[in-house]
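One line per chain: the protein sequences are A and B, in this order.
All residue numbers for the first sequence refer to the working numbering, where the first residue is 1 and numbers rise by one.
All residue numbers for the second sequence refer to the working numbering, where the first residue is 1001 and numbers rise by one.
Think of the hints as simulated: they come from the structure by calculation, not from any bench.
Check before you lean on any hint, since a few could be wrong.
Unchecked claim - With the C-beta cut set under 10 Å, the calculated list includes, among others, these residues of chain A facing chain B:
| no. | residue |
| --- | --- |
| 1 | 52 |
| 2 | 58 |
| 3 | 62 |
| 4 | 65 |
| 5 | 71 |
| 6 | 74 |
| 7 | 78 |
| 8 | 111 |
| 9 | 167 |
| 10 | 283 |
| 11 | 284 |
For glycine and all other residues, C-beta sits at the position ideal for the given N, C-alpha and C.
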Amino acid sequence: MNESITLVEAVNLALAHEMAADKDVVLLGEDIGVNGGVFRATVDLLERFGPRRVMDTPLAENLIAGLAVGLSTQGLRPVAEIQFMGFIFPVMEQIISHAARMRNRTRGRLSCPLVVRAPFGGGIHAPEHHSESTEALLAQIPGLRVVIPSSPARAYGLLLAAIRSPDPVIFLEPKRIYRAVKQPVEDNGQALPLDTCFTLREGSDITLISWGAMVKETLEAADELAQQGLSCEVIDVATLNLMDQDTLLASVGKTGRAVIVHEAPGHGGMGAEIAATLSERGLLDLQAPIARVTGYDTVMPYYRLEHHYLPRAADIVDAARQTLEFA
Amino acid sequence: MTNIAYQGEIRFSRYLDAAGQPVTELPGWAESPEILVEYYRQMTLARQFDTKAIALQRTGQLGTYPSLLGSEAIDIPTASLMHGEDVLIPYYRNHAMQVMRGSDWRDVLLYWGGDERGSANPAQRQDLPNCVPIATQCLHACGVATAFRIRGEKRVAVTLCGDGATSKGDFLEALNVAGTWQLPLVFIVNNNQWAISVPRAMQCGAPTLAQKAIGAGIRGEQVDGNDVIAVHEAVALALERARGGKGPSLIEAISYRLSDHTTADDATRYRSGDELKAGWEQEPVKRLRNYLHGRGWWNEDLEQAWQTEVSKRIQQAVDDYLATPVDDPGAMFDHLYAELPPQLVAQRERVCARAETRRQQRQG
Chain A
1 MNESITLVEA VNLALAHEMA ADKDVVLLGE DIGVNGGVFR ATVDLLERFG
51 PRRVMDTPLA ENLIAGLAVG LSTQGLRPVA EIQFMGFIFP VMEQIISHAA
101 RMRNRTRGRL SCPLVVRAPF GGGIHAPEHH SESTEALLAQ IPGLRVVIPS
151 SPARAYGLLL AAIRSPDPVI FLEPKRIYRA VKQPVEDNGQ ALPLDTCFTL
201 REGSDITLIS WGAMVKETLE AADELAQQGL SCEVIDVATL NLMDQDTLLA
251 SVGKTGRAVI VHEAPGHGGM GAEIAATLSE RGLLDLQAPI ARVTGYDTVM
301 PYYRLEHHYL PRAADIVDAA RQTLEFA
Chain B
1001 MTNIAYQGEI RFSRYLDAAG QPVTELPGWA ESPEILVEYY RQMTLARQFD
1051 TKAIALQRTG QLGTYPSLLG SEAIDIPTAS LMHGEDVLIP YYRNHAMQVM
1101 RGSDWRDVLL YWGGDERGSA NPAQRQDLPN CVPIATQCLH ACGVATAFRI
1151 RGEKRVAVTL CGDGATSKGD FLEALNVAGT WQLPLVFIVN NNQWAISVPR
1201 AMQCGAPTLA QKAIGAGIRG EQVDGNDVIA VHEAVALALE RARGGKGPSL
1251 IEAISYRLSD HTTADDATRY RSGDELKAGW EQEPVKRLRN YLHGRGWWNE
1301 DLEQAWQTEV SKRIQQAVDD YLATPVDDPG AMFDHLYAEL PPQLVAQRER
1351 VCARAETRRQ QRQG
């Protein structure tokens, strides 16, 4: 029953569960049908639910987003797959100008309960344009929810929540850890909340804050610091918009120190938003400047250099030690 | 060896010439007054509303407003032929269609008066609101039509755009998927010859815009968009085909933008008075009036009575619009998400408190 599965298998499990439970849930995207998705996230779903509900679209990302907007205004629950986040830019106009605004601009007469799924992030030696992390571009859009799982169980529970959400959701899947770990996931239809961070480890000396694939390095850094006798609280932010500020503030209220870790460039990244929030609402709790460990402010390098770009556990350990050593 | 792999053609249809004289045998329904007189009433109503809206804008009582002048013979028969359960996916010039489908002229004024509530009337059912980003609505129409297909419903999605929109990838992507999936969908291009200041010839090198349908594997045709009978015939057939599972159509309706692009535009900067004068010679309302007069179905007395009735209706809409108080500023938060997120509660309270303070200050 509680079979151990990977993150991408958990995505598939959640999609299958929700399609079986709700006939209004439909899938659309490129190569999601017979091929089951280039990462196999939609494997077997065409056979189970048929071509009216699992739609291979013509090759046009803007089209996929526009279809999802139209479908959702008529009461369907489309889950669109964008093959890689590097190709999400043609989707932006439909998401920003229509999906995120429809409820507001019709004062609730129409809405767009859609999900756009996209694998994101580097580290799999992919071609150009296949390794970006541009979550901050999406997290600023009012009306949108931006959700990033970091484990199979959270992928399952958060995707169920995303599909059931009456609001449009961008669901970014950290493809570097699509198959990194297996975890028992019960197919019980239990959604996880979209309004909370997940505290993965409790600690008292410092708060390490991350999301997506970098949660892996962040936990490794916490292990390393534990061996040095330092107690880290590790938080997976999970929902970047709307962000659970209270859990982050409560943790930093306890530890007084924070390191924020993300793969995207630091400049204008979500780490900056979190640091600003902690400063605005928790300055008196802080015992040291907030540190950020992020990707460089460069174009995501092609794969021979990508390991130089991606933050490592050792970088997080160093940043945490500097924060802890601040007088 | 070389064969002709594909050969296509685009037909152009017209029934009434610019003077309102039949140029060919008319369809049976046009030989009796009921439908055409009703079209004439709706077209003149729309035109009188348009004049009023522009006057409101010029006197600072309405925001930037896109005139519908010259599109009456396209919009009125299309809205009239659609079923209530069909879905309209308009661009931003289809005010008359929205009203014919259940909205109110007050809502049109409210929308162009800067108030989201203009798109909130429940009578608009599942019709989409005005679409400002060019051609993006064509993709929504495909999504709406796909929803009908998934549910096995005999409903049709109807979307409109201008000639400029046909240059966008969105338009071509929409035609493409409509053809691939044979969606129950009607595309209507109001080719009014101008996309703000850029003339039709600078949009596309093809002799017709309708032939873009050929590349998408769907029906395409051209009609005289100033001839209400030609538009009616084309739209009726396209709706019937879509409803009957015979796939989508593209109708290019040749019209002329008799107005500026919007009230913020000044077309004298880029087009000649002679061209505009020629446009007025083709215009749709006079053409239909001449035909109705010729058949004895309309006369000056009826015109006078109708114009008086229309003035009353429009004045009522204007009064209702001007009497509508500005929305509570908290409204900008209330429909952003299905429920007000706790993260936004403080911001909402701040804007409401500030508005309340200002109100009290004004009251002294």
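For each hint, the structure was consulted:
no. : hint : result
1   : 52   : 5 Å, holds
2   : 58   : 5 Å, holds
3   : 62   : 6 Å, holds
4   : 65   : 8 Å, holds
5   : 71   : 4 Å, holds
6   : 74   : 4 Å, holds
7   : 78   : 8 Å, holds
8   : 111  : 7 Å, holds
9   : 167  : 5 Å, holds
10  : 283  : 17 Å, violated
11  : 284  : 19 Å, violated
Hints 10 and 11 from the list above are not met by this structure, while the remaining hints are.
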